[in-house]
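Here is what each chain is made of, one letter per residue.
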Amino acid sequence: MSDIETGKFSIDELENVQITIGKIVGAIEKKAKEEGVEVGPTPKPGISGLRDWDHKLLSRYQPVYTPVCDQCCYCTFGKCDLGGNKEGACGINMEAHQARETLLRVITGAAAHSAHGRHILHHLIDIYGRDKAIDVGPSNLVAPNTQAVTGIKPETLGDLEEVMDYVEEQINQLLATVHAGQEGAAIDFESKVLHGGMLDHVGMEVSDLAQMSCLGMPKSDTEAPLVEIGMGCIDSKKPVLLVIGHNVSGVTYIMDYIHDHNLDDKIELGGLCCTAIDMTRYKVENGGQPRAKVIGTLAKELKMIRSGVPDVIVVDEQCVRADVLEEAKKLSIPVITTNEKIMYGLPNRSKDSAKDIIEDLSTFKDPGALILDYDTLGEVAPELAIKMSKIREDMGIKALPSDEELQGLSEKCVQCAACEMDCPANLPIMAAMKAGVDKDFSKFEELHDVCIGCGRCDQACPKDIPVLDMIEQASRKIIREEKGLMRAGRGQISDPEIREEGVNLVLGTTPGIIAMVGCSNYPNGTRDLYTVADEMLKRNYIVVMSGCSAMDLGMYKNEDGQTLYEKYPAKFLAGNLINVGSCVSNSHITGTAIKVAAIFAQRNVSGNYEEIADYITNRIGAVGVAWGAYSQKAIAIGSGCNRLGIPVVVGPHGSKYRRALIGKPYDEAAWKVYDARDGSEMPIPSSPEFLLTTAESVEELFPMLAKNCIRPSDNNMGRMIKLTHYMELSQKYLGHMPEDWYKFVRTETDLPLAKREQLLKILEADHGWEIDWKRKKIISGPTMKSDVSAQPTNVKRLCKGEC
Amino acid sequence: MSDIETGKFSIDELENVQITIGKIVGAIEKKAKEEGVEVGPTPKPGISGLRDWDHKLLSRYQPVYTPVCDQCCYCTFGKCDLGGNKEGACGINMEAHQARETLLRVITGAAAHSAHGRHILHHLIDIYGRDKAIDVGPSNLVAPNTQAVTGIKPETLGDLEEVMDYVEEQINQLLATVHAGQEGAAIDFESKVLHGGMLDHVGMEVSDLAQMSCLGMPKSDTEAPLVEIGMGCIDSKKPVLLVIGHNVSGVTYIMDYIHDHNLDDKIELGGLCCTAIDMTRYKVENGGQPRAKVIGTLAKELKMIRSGVPDVIVVDEQCVRADVLEEAKKLSIPVITTNEKIMYGLPNRSKDSAKDIIEDLSTFKDPGALILDYDTLGEVAPELAIKMSKIREDMGIKALPSDEELQGLSEKCVQCAACEMDCPANLPIMAAMKAGVDKDFSKFEELHDVCIGCGRCDQACPKDIPVLDMIEQASRKIIREEKGLMRAGRGQISDPEIREEGVNLVLGTTPGIIAMVGCSNYPNGTRDLYTVADEMLKRNYIVVMSGCSAMDLGMYKNEDGQTLYEKYPAKFLAGNLINVGSCVSNSHITGTAIKVAAIFAQRNVSGNYEEIADYITNRIGAVGVAWGAYSQKAIAIGSGCNRLGIPVVVGPHGSKYRRALIGKPYDEAAWKVYDARDGSEMPIPSSPEFLLTTAESVEELFPMLAKNCIRPSDNNMGRMIKLTHYMELSQKYLGHMPEDWYKFVRTETDLPLAKREQLLKILEADHGWEIDWKRKKIISGPTMKSDVSAQPTNVKRLCKGEC
Amino acid sequence: MVDTTKNTLIYTTSGRKVAKPVNPNVAGKMISKAKRPLLVVGAELLKDEKLIEKAITIAKKGIPVAATGHSITALVDKDIDVKYINIHSLGTFLGDKNWTGLDGQGSYDTVIFLGHKKYYLDQVLSGIKNFTDLKALAIERHFMQNATLSFGNLKPEVHLEALDELIENL
Amino acid sequence: MVDTTKNTLIYTTSGRKVAKPVNPNVAGKMISKAKRPLLVVGAELLKDEKLIEKAITIAKKGIPVAATGHSITALVDKDIDVKYINIHSLGTFLGDKNWTGLDGQGSYDTVIFLGHKKYYLDQVLSGIKNFTDLKALAIERHFMQNATLSFGNLKPEVHLEALDELIENL
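Here the protein sequences come in this chain order: A, B, C and D.
Under UniProt numbering, the first sequence is numbered contiguously, ending at residue 803.
Under UniProt numbering, the second sequence is numbered contiguously, ending at residue 803.
Under UniProt numbering, the third sequence is numbered contiguously, ending at residue 170.
Under UniProt numbering, the fourth sequence is numbered contiguously, ending at residue 170.
Please note that a few of the clues may not be correct.
Said to hold, decoys possible - Here are the simulated lysine-lysine pairs, PhoX-like style, with alpha carbons at most 25 Å apart: (1) A/K86 / B/K330; (2) A/K796 / B/K365; (3) B/K443 / D/K97; (4) A/K463 / D/K78; (5) C/K118 / A/K434; (6) B/K351 / A/K796; (7) B/K30 / A/K132; (8) C/K118 / A/K443; (9) D/K78 / B/K732; (10) B/K86 / A/K329; (11) A/K365 / B/K796; (12) A/K351 / B/K30; (13) D/K118 / C/K17; (14) C/K50 / A/K732; (15) A/K732 / C/K78; (16) C/K118 / B/K86; (17) A/K86 / D/K118; (18) C/K97 / A/K743; (19) D/K97 / B/K672; (20) D/K50 / A/K463; (21) A/K329 / A/K365; (22) A/K732 / C/K47; (23) B/K463 / C/K20; (24) B/K463 / C/K17; (25) B/K732 / D/K47; (26) C/K17 / D/K20; (27) C/K83 / A/K732; (28) A/K56 / B/K365; (29) A/K755 / C/K83; (30) B/K351 / A/K30; (31) A/K412 / C/K155; (32) B/K732 / A/K351; (33) D/K47 / B/K434; (34) B/K439 / D/K155; (35) B/K351 / A/K800; (36) D/K47 / B/K443.
Because the hints were derived from the structure by calculation, they are not lab data.
When you get a sec, could you build the whole thing from the sequences and use the hints?
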């Protein structure tokens, strides 16, 4: 294919050539027909394509707006204060504007992922050609999100381009609606939010499929290798090359150069953020060993730079602190930008020789360079690191203050509270300063894990005290010991795994999937992740990790010195711990749910999003947790889960996303579905209770997780298991039985066997249920029947007898 | 083409077919080569493609940031107060964030235009097929923006799809950079702003080329018909069908239905905003007469609805007030939404029969309907209007308060100033209320023209006084007389016109092009537009209008009862008044500049953006004026002009765009270019002095316009003419000679003949220039030489001897 | 008497409508006058034993308590009317005329907040401020700009004193 | 004495840093003490003959004037040191250490604003507030939140009185 000339030409000049033409109306349907695939009603849906489904979800899960700002400053009619739901100069009210604000966040996130995908796709097609086959492991359904949304079953890199075209077109349509004078109704902005979220998962999927297919990454590999992680695992005596970002395109050239030039042992290559994850996935399939170390998340960026350890910093895109160049400059660390999204105003050296660039940067002629030629990059970055290591050592670069200086700095503090006010978590910095005056720096040490390393304290301090440096210096011992192991991202769940585990999920005997995704903006430090994962794994939930959460989980060890990655196996089975991979690998989590519907339940998947989402909503007990969600990508990922009916809990900072989707358990009318067997209405439990909400602490989170894994399709065994965990977790972490446990009981067999009698008594005494004590059976009380053959659906057309 | 099946197939089954394949690497270059077109260095540039050019512009025209808000609320690390250029939690500082804010506005605008373009392109391809030829009049260079940017010379609708793919991909890349943790440098956000602006013009061009080619719109027609305009031209006794928005796709079906069913005389079809302009362009080529009336701009929307006159409202997309449905409901006016961008939460009736929809809406079962099927829409809208007209008359719908009520309402006012505080223009509403107590409503009448009809006063009033209704009622006489004539949008400037006028522009003997574009957020009412256009036309400038400004200009008449459209001819010649068309027709304004470079100066255009922009920057005296700029589209349009070196002045509200690009005339080093003949540096006049700035009043604007049309390429006659206007306008409107006039004098022949001696005296006395009084020649003084054969360029590589 | 109205410094502005600073005696009387008050305590309470005591004391004056986060762990078996609820849900339900409260006795008119994360409560209050008519009273250690009435920014010890004074006025 | 510090209501908030309300006598003294003051008058001045007078009176005290918009039409030939400049340019140049002022005598330290559109000046002042160290004094009829010091919102007649008092203190 790739040698076909472009332009207009007559066919008879060509022979035996296959030509793929997209974009013809009905193209997807026709292609699918040829392949014997049935295409559902909505291939490549436009904004209104799945609106009915959205409105169904939104009638149960109503948008809750908590503005971060009462004002709108989008256009120059304003700025308008919309306080009290007033209308602005364009007529928009607060609700619609907040929905629009959410939409803007979501499409920003979706754009970040899909622009990353487009970049890496261009790059990989340049190298491998359009015909390079997609290979992601032992699956037939390789692109569940893509196929469910677009109806396209991609087989080659080239096929992914059409998918990207669709995603970009739709994101552009959505961005257009952010303009003044477009959508006026909050509910339709919300539908657009869900559309944007769905697109995000397609964009992520394209990104990961492309890189997995070409870069030797693990392909549904349950034995993906363990990778060193933590600031403490970096050997600062060697030249240190630090890479920050999300897009591994350029970094692979650096890794190849290092490997090909036998520099593996001579350079420390460490990564921050998702680039780090993907570096450790590079060429590790079939037993390859990781060629890089993971330092950590965004929260470690400033700390790592401020440590003065890196000799060269390479950044690509996304979640890269905007002050990298400024901070690096202070410590004589050259910065190389490698992606058009981040260029820092640096001179474009893409056409220059590696030698010239190394010369200029090592003599500080420029503080950094933009290098878009990856061959040049591959050579410059490591060679420069080796050179700079010596130069910087000779210069005697001093980074953090000494202990003596710590005391002096503490004394400068006037206890004005500016730092605590500006600290996103309002951490007790003043107390640490107070103790620091007496040379007690333990309180700074305590701040280290809960601090997200944003540096606002430094900015706020009227006395110019470098608060973050003080925390880091005081914590140097902890930091040195910050080393753990993370399982390299394994990629998607394979079809065979789904076939094995699908039934347990749908019936509830595997109590649920807890997907812990996203960023590092935790309310109470990183350790909470470990606590949550360990508890749920012990309880046989499947725990799926990705991105920054996957990294942070690897930093903690149990009493035996084991990380959870070592303790739990990595298959798609109850009680297993899976790291799917980097941020874009989040698509495999939704992909898993789609696969259960498609493979286990044999639902048609192509262009059949609504039916798939409906299936997932009613049958798959999965809850997403983005405990440290900070970014627009996180809310985009969450919104994509939401359109599939998968609920997501974010940490308290997530309240600043401005809107949640919360159901009202007390509104009985909202908790009904159709039974697809006859179209009759049936009551369902109020679970999931929300599609997006926040929790205050992990203690609160635990019972929320268990409860919101309950689904109408649970069989008695499944419901019993889920209910047991709900009650136990509530008692363990909240110190009491949950108020509403009885609402999930359909029959006595839903009750945990050991406590059955005791619970039946409560049902009788407190809730007035009738019990047949002889047979220990419930006679009346439950609002729901237990009927495993019922087919719950929210979609009328899917009922028997409907067209 | 359109009957080719999709999918994979072998060629030998097909004969005599032309297949166009895009997306092959190097495709554009190869296609161009076949067509004998040379492709420049940057076809389809990515974000970094024209960065060097941007940095050149930005080193002279520095970003000036005036934040609307000191805070950033993009992600949940924040919200962060960046006051005093502090860094936020992600490390971004105020400057970079403000540049990012500007970028977000620009790409929102570009998305609005290109999403509109994509929609109408899909729609027209559905009807006319991909092979439908692009026909926009007697031009070979049909798509100057598209060709300069992408290198593609589109010939059919199908060709435009690839252009849209490019635009969407790039906008998505730019939107990605708005995400937390992307670009960190203000200068590179600024380069992205310019990239977004450039893309906007491509998106607009695609939109207009597509619709002009298919919908019988005027094609470079200098005799485009005159169209009735104004609230006063609507006959409220007939059923009134009101259309609001920008995208004429659905409206044409309504127009056809009305025409085909002989309802032309039975229904008043009026439009608001750019849909109105494009309605009057529909099927008027070759002498067709306009089938709709133009009511006016966004500023008239609320007033028109509140008048109670419309019987049905149809909205499409963009610049549609968000409260249309709420406002219409109060007056029993059904609303039909017709585009996915605006759906107002209304039920989707696209698959229902016209009869059923009409029944439900006329019985108020629903307040409106979403109709995406345009055949149904075409029938429902007019038939419903006819039906509703009777029903609403029978109901005795009362809209505005009576005069008696006006007095009572005035008495309710407690003079608390809330309305004036929230009024975007801080209009003196309290004084009107005070006078109203004494039945003097003249002050309300005075407010009418300066009021932009946003309704913030109503929202602000603690006494719930309907201020806007009072203004409208008090102004009903003026409103009844609000009728004028606008020349229907003529589309682009044709190649032959460029050939005729190009030389005059480049040498300056036509003093300049004043392009008055955009929205209706005027600081001092609509009349100012008339004043500016008339003055500049009298002075032989070419005045080009578009969008809302084009409409507002048609509302005023001179003492002879003539509008300017009647007074001045509409060719591309000095002293002519041109309306290019609707918002998307703004691309023809930049297109004109590109055409001068390509056709008059024979510069290669395909993928050769930098050279074209460089040519325009140094040679074409054009200034854009977006006097009422309010929208994200306006700043996008402006930024697209800026990348071509065309300066834009916005009204004072435009300061809320947060950033301007202003040069420093006192910084001599900034005003130098190369002479392409030998690469030597030469000083140039400090004009344009800015790329984007604001002016306070039209009086201030006049001399700014004249001065900023000065270019290095002016010959002596041209410079003399421009300088004369600058001095005269400064004296007329600012009451004094400008301080800096002498800086533009290179030789005595640059001076106006009539005043030459007087000016030479000033040069000698005040500025110390040496004058040879015998020959009346300047001996020394000027910093610049007059050398018409000099070839000013900002781009070193374009100089002789450079590669 | 503790003056809790002085330091009303905020982290970022949100809009024109800002909480009125209130003194503890006024706050106490306001609670007393409320027809259906609800004390909402958050998990930050658990960080200070003394704060827990104050919350219990207030509750014992007959004010029902919504315990958010895991704050209920310190409040069960204390002979007070307390129920767990997620604060984001609570914020929503409070604005719903159809919600009959934690005890089914009908909607609340005055909601008092104590022991919450500042940035989190700020958001919950933002929803209440913009979309309900409820009186929201923040008796936190920090000035909560989105409340109807709020204490200013206080030192921990002054905060406890202020709560005592408030309790005296119940 | 006119109290110009009372009504500081604003249209929308912008950030934490807000102008300090100032009384005319203090404002007057501040101008007197300035090393290089500049009075910047805008075209709104032209709507009130009396305001023009006040501006001229201030200028006659030896304070150079930058006339923005078309305000210069009322100020030429009045024997004062006045030059036209666009206010957006002025706002930029004021922050540039290399700018030598309208008269080439060097940069200014105190800039006084009178007769401007509120929303427009608000933006210009925002740039000055965030990116320069200049003292910006707004003696407008409206409270200008982005100035360093500003009169509050005043009635027109009180505004004139306040200007008189300011002039007395020059």
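Evaluated hints:
1. A/K86 / B/K330: This hinted pair holds, its Cα atoms lying about 17 Å apart.
2. A/K796 / B/K365: holds, 22 Å
3. B/K443 / D/K97: Given pair B/K443, D/K97 is violated - Cα atoms ~47 Å apart, limit 25 Å.
4. A/K463 / D/K78: Violated. A/K463 to D/K78 sits at ~49 Å, over the 25 Å cutoff.
5. C/K118 / A/K434: holds, 22 Å
6. B/K351 / A/K796: Holds. B/K351 to A/K796 sits at ~17 Å (cutoff 25 Å).
7. B/K30 / A/K132: Answer holds: B/K30 to A/K132 is near 24 Å, not above 25 Å.
8. C/K118 / A/K443: The given pair, whose Cα atoms are some 21 Å apart, holds under the 25 Å limit.
9. D/K78 / B/K732: OK: D/K78 and B/K732 at ~18 Å, within 25 Å.
10. B/K86 / A/K329: holds, 18 Å
11. A/K365 / B/K796: Holds, because 22 Å separates the two Cα atoms, which is no more than 25 Å.
12. A/K351 / B/K30: With Cα atoms ~24 Å apart, A/K351 and B/K30 stay inside 25 Å; holds.
13. D/K118 / C/K17: At roughly 21 Å apart (the allowed maximum being 25 Å), C/K17 and D/K118 satisfy the hint.
14. C/K50 / A/K732: Distance of about 24 Å is within 25 Å: holds.
15. A/K732 / C/K78: Between A/K732 and C/K78 the Cα gap is close to 18 Å, so the pair holds against 25 Å.
16. C/K118 / B/K86: Holds, at about 22 Å.
17. A/K86 / D/K118: holds, 22 Å
18. C/K97 / A/K743: With a Cα-Cα distance of about 23 Å, the restraint between C/K97 and A/K743 holds, given a limit of 25 Å.
19. D/K97 / B/K672: holds, 22 Å
20. D/K50 / A/K463: Violated: D/K50 and A/K463 sit about 47 Å apart, past 25 Å.
21. A/K329 / A/K365: Answer holds: A/K329 to A/K365 is near 12 Å, not above 25 Å.
22. A/K732 / C/K47: holds, 19 Å
23. B/K463 / C/K20: Distance of about 23 Å is within 25 Å: holds.
24. B/K463 / C/K17: holds, 18 Å
25. B/K732 / D/K47: This hinted pair holds, its Cα atoms lying about 19 Å apart.
26. C/K17 / D/K20: holds, 19 Å
27. C/K83 / A/K732: holds, 16 Å
28. A/K56 / B/K365: Holds, at about 20 Å.
29. A/K755 / C/K83: It holds: about 23 Å lies between the C-alpha atoms, which stays within 25 Å.
30. B/K351 / A/K30: holds, 24 Å
31. A/K412 / C/K155: holds, 20 Å
32. B/K732 / A/K351: violated, 54 Å
33. D/K47 / B/K434: Roughly 19 Å separates the two Cα atoms, so the pair holds.
34. B/K439 / D/K155: holds, 24 Å
35. B/K351 / A/K800: holds, 22 Å
36. D/K47 / B/K443: Holds, because 16 Å separates the two Cα atoms, which is no more than 25 Å.
Of the numbered hints given earlier, the model fails hints 3, 4, 20, 32; all others are met.
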